[in-house]
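Asker: Sequence:
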Amino acid sequence: MREHQAGRDAVQYAAQSMLRWLERLRDDTALLAQLTPRLQEGVSQVPLVETYGSVLRAGGEYHKVRWLDGTCHERLRMDQDMGRIQRVPTAELQDKSGRPFFENALHLSPGQVHLSPMDLNVENGSIERPLRPTLRASSPFLRADGSTGVVVLNLHGKVLLERMREQARQSGFTLYLVHPKGYWLI
Numbered sequence: 001m002r003e004h005q006a007g008r009d010a011v012q013y014a015a016q017s018m019l020r021w022l023e024r025l026r027d028d029t030a031l032l033a034q035l036t037p038r039l040q041e042g043v044s045q046v047p048l049v050e051t052y053g054s055v056l057r058a059g060g061e062y063h064k065v066r067w068l069d070g071t072c073h074e075r076l077r078m079d080q081d082m083g084r085i086q087r088v089p090t091a092e093l094q095d096k097s098g099r100p101f102f103e104n105a106l107h108l109s110p111g112q113v114h115l116s117p118m119d120l121n122v123e124n125g126s127i128e129r130p131l132r133p134t135l136r137a138s139s140p141f142l143r144a145d146g147s148t149g150v151v152v153l154n155l156h157g158k159v160l161l162e163r164m165r166e167q168a169r170q171s172g173f174t175l176y177l178v179h180p181k182g183y184w185l186i
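Numbering-wise, my numbering puts 29 at position 29 of the sequence shown, and it's gapless, one number per residue.
FYI, nobody ran anything at the bench for these hints, they're computed from the structure.
Some clues are possibly wrong.
The following label-pair restraints were derived from C-beta to C-beta distances [unchecked claim]:
1) VAL178 - ASP81: 23 to 31 Å
2) SER147 - VAL178: 34 to 42 Å
3) SER17 - ASP145: 35 to 43 Å
4) ASP145 - VAL88: 19 to 27 Å
Simulated pairs of lysine-lysine, DSS-like, Cα-Cα distance not exceeding 30 Å [stated by the list, open to error]:
5) LYS158 - LYS181
6) LYS96 - LYS158
7) LYS181 - LYS96
Quick caveat: nothing in here was measured; it's all calculated off a predicted structure.
In this text, a Cβ means the ideal position worked out from N, Cα and C, and glycines have one as well.
Hey, can you work out the whole structure from these sequences and the hints?
Answerer: Take a look at the structure:
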């Protein structure tokens, strides 16, 4: 009985940990969606670039932040790789048509946030190598000219999965995690 309770406690702790990560991701995305149209009011994108870079630095588990216009085209994207933050050149910005993180966010009201299921990151239509499990949060906003946009913040799923696995291991258990579509995450 004691082992059974310890197992439940370990699962509950892992679930609470994941919820805290998701809440932080949601809150950071909502904040960016609120700030982005205000920071776009001027001619320069410097304030927006600096803000996005600050979010990537502060949330070291984030690997990408971007805003997309209402036609699903990236207008600004900042990437983080091993602590190095860079703005993606305009010529390399992508059309993200059909991507659920964008499509689902368009149906929300400003202030609401869509959290995606964890999946593998896709760049230029192909799954990124090495594989990068990713959680995405997206939130719509209205610009001063009345047009719409969407902020998307990507979280390294591997970081989250490894921390959950370690928490279970420290409790003396092995964690198995299955995606709702049936494939193994851990």
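Asker: With reference to the structure, classify each hint as holding or not holding.
Answerer: Status of each hint after checking the structure:
1. The given range of 23 to 31 Å is respected by VAL178 and ASP81, whose C-beta atoms sit roughly 29 Å from each other.
2. Between SER147 and VAL178 the beta carbon distance is about 40 Å. The supplied range of 34 to 42 Å therefore holds.
3. Checked against the hint of 35 to 43 Å, the pair SER17 and ASP145 passes, with Cβ atoms roughly 41 Å apart.
4. Between ASP145 and VAL88, the C-beta spacing of about 24 Å keeps the proposed range 19 to 27 Å intact.
5. Taking the CA atoms of LYS158 and LYS181, the gap is near 18 Å; set against the 30 Å cutoff, the hint holds.
6. Annotation: proposed proximity of LYS96 to LYS158 holds, straight-line Cα distance about 23 Å (limit 30 Å).
7. Only pairs whose Cα atoms come within 30 Å are accepted, and LYS181 paired with LYS96 is accepted, the gap being roughly 23 Å.
No hint from the list above goes unmet by this structure.
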